[in-house]
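Residue numbers (the working numbering), protein chains in the order written: chain R, 1 to 153; chain Z, 1 to 164; chain X, 1 to 377.
Just so you know, these hints were derived from the structure itself, not from any lab.
Yeah, the Cβ is synthetic: ideal placement off N, Cα and C, and Gly gets one too.
Some clues are possibly wrong.
Said to hold, decoys possible - With a cut-off of at most 25 Å between alpha-carbon atoms, the simulated DSS-like pairs for lysine-lysine come out as follows: (1) Z:LYS28 with Z:LYS41; (2) Z:LYS85 with X:LYS221; (3) R:LYS21 with X:LYS226; (4) X:LYS187 with Z:LYS96; (5) Z:LYS101 with Z:LYS85; (6) X:LYS263 with R:LYS26; (7) R:LYS31 with X:LYS187; (8) X:LYS222 with Z:LYS49; (9) Z:LYS15 with X:LYS332; (10) Z:LYS49 with X:LYS221; (11) Z:LYS154 with Z:LYS73; (12) X:LYS226 with R:LYS31; (13) X:LYS263 with X:LYS245; (14) X:LYS184 with Z:LYS96; (15) Z:LYS139 with X:LYS245.
Stated by the list, open to error - Okay, the calculated bits of chain R under chain X, using three or more residues with CB under 8 Å as the criterion: (16) 8-21; (17) 45-55; (18) 84-92; (19) 114-126; (20) 136-149.
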Amino acid sequence: MFLGEMYEGIKHIFKRTFTMKYPYQKLLLPKGFRGRHLLYMDKCTGCGICAWICPERCISMVPVTNDKEYPQNPEKRFPQYWYARCCFCHFCTDYCPTGALDYTPDYELAEYDRDLLLWSPERLSRPTTHIGEYQSVIHDNQGVTYEPVPKTK
Amino acid sequence: MSQKSTSREETIIEKAKSRFPEYIKETKIDNNRRVTISFDKDHVQEIAKWMRDDIGFDHLKGIAGVDYPTHKKLEVLYLAGSFSKPEIQDIIVTLKAELPKDAPTISSVVSIWESAHFHEREAFEMFGINFEGHPDLRKLLTLDNWDGPPPMLKDIKFPEMGQR
Amino acid sequence: MTANPPTPTIASNEAKEPSTMDVSVGPQHPGSGHVRLLMRVDGDYIVSIDPDIGYVHRGCEKIAEYRNYVSNIPHLERPCIIDAIHLNWAYVLPVEELQGVIVPPRGQYISTIAAEMNRIMSHLYWLAINAGVFSGHTTIFMWAFGDRDLFIELAEWLTGARLTYSFLPPGGPRRDFPSGFEQKLAKLLDYFEKRLVEYDRMFLSNPLVVARAKGIGVLKKKDAIKLGVTGPVLRGSGVEYDVRKVEPYGAYADLEFQIPTFKEGDSYSRYLVRFEEMKQSISIIRQALNKMPKGPIARKAPLVAPEGEAIGRVESSRGEITVMVIGDNSDKPYRVKIMNGSFRNLIALPYLIRNVHVADMPIIYGSLDYWPVEADR
């Protein structure tokens, strides 16, 4: 009667489990993953194309007051991002004419305070902090598991 | 001298013009497979019935309303296609009717194309077009107690979303 | 707005029988989006049903008039987010026709492969929720979601995001295949083909599923044509119509595939149509990987579109999506009208759910694969 289904079900008891124990095990993300943005302040000219193309209008150009000099940006206008609205489409990164924006694999951006979601240009230029070490591996006839990525020497 | 062969789209337009000479206002063929026929709004049921029975466009893909405030008119576009006749399956015929802004009323085509039921309800609530003869014309997508103006008209503006 | 909303009733023309009762199914989120169905029930039989939709209506078409053509892409792909490439492609086809941009062949092949992967992902979601959980089969829910995650990881490697791709601006795709992508995709397809055999044994040949779905919700061929339904609902009723064969776009003109059609018209044949479509998608992706041309992937598109109207259509996993774009010589569209599969199939819901048992309602609703967010926009 239900022999086909029971055979399939019992066969799966002996296969491996497809579970990743987040947050102790984190996924290794590919190179162009669309997480938060990284701003290179020595390349940005303050043209504002990123603010124009943004579908959610979450980028605004603000003046930055610090001691450094930026020869390509005499007025010192840099983008600030409001991550409460960002949809992570990264059209800003693709349309930037000088390549001043980049991808990072940071996706853990939650905060307790809503005002902290407004990222200033200096905060955007800090490098990424995400470390991912696991990836999914298909075994023939044994199912799928998450295994640590082999370290290349 | 060789005859210039007429394409399928031109054949449809010629048949429509010879059958309804006084109701059809203008016709257009865009990039082949897209035919546009503008007609007089009072005879929509006759033209729709002829399209379905004689040419073979047996269903409606959608009914779109467009608002032109500068010309003070509303346009209703019926997009018709054919499932049952393989030789015209890739043609979409757009039937256009113009309605004056202050009296947007047109007969319903639900008795001819039953697929128009929900499309006409949506055009009614979004543009304020009254389809006479529709069995159940009430609001579909907006709130139950919305009594404001029809939302898709160009008079309703959202200045906080930027310039338009 | 008035203070209290009026009490909703079923607007049917026949008078209410004294033995019937109005039951409100919802407003609830059956795995896909917020919807409400007003049922009129007489004992265990449903007399009539009235879909009360609009809970997820956002005014998509109105907002689309305030954004430029490229910024509209993340906005207009959100209605059916599990099938985002098809909605994106359906919007971009008329824009490219207005602007006169032609995508190079390698870009067409990349878009086709991404679209077929998305079709497999969307059908796996349908299998898990609409066919599995609605009939109580939670094993297939776990299996289908697990396999779908492998496809999502590959799509994340190609585009950068798991579901919200925004991959096809006017002119062609945004990125090329990363190195090693084609080998990993071929390995995943081999694994998935074996899994489809297991799904068949666990779900399609299951006597419980056959008993619940065979003969339920029969839509005959002439009714399907008259109601104007589309997608697997149409092909499950015997009409052989698929936009990929009727009006080929992308790379479909060079690839060989079949259109599964079944003539019974019941819920079980709609299940079979989607299963067979997954197998055809595997074959399409393999052929496209073998035939990939070399060259550029995209061309630069202008920022404005001239005046005029253009209509473009694609075959998504729920049916045919037809988009009409009216341009007015500026960088924002004048009018965008979207006619998608879920909204066109909505008329089948009150037509099929008449004089059936209450327990048949989730089966018929699931076999239509109605996605409320896409229908409401």
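Original post:
Of the hints stated earlier, which fail here?
Top reply: As far as the earlier hints go, 3, 4, 5, 6, 9, 12, 14, 15, 19 are violated by this structure, in ascending order.
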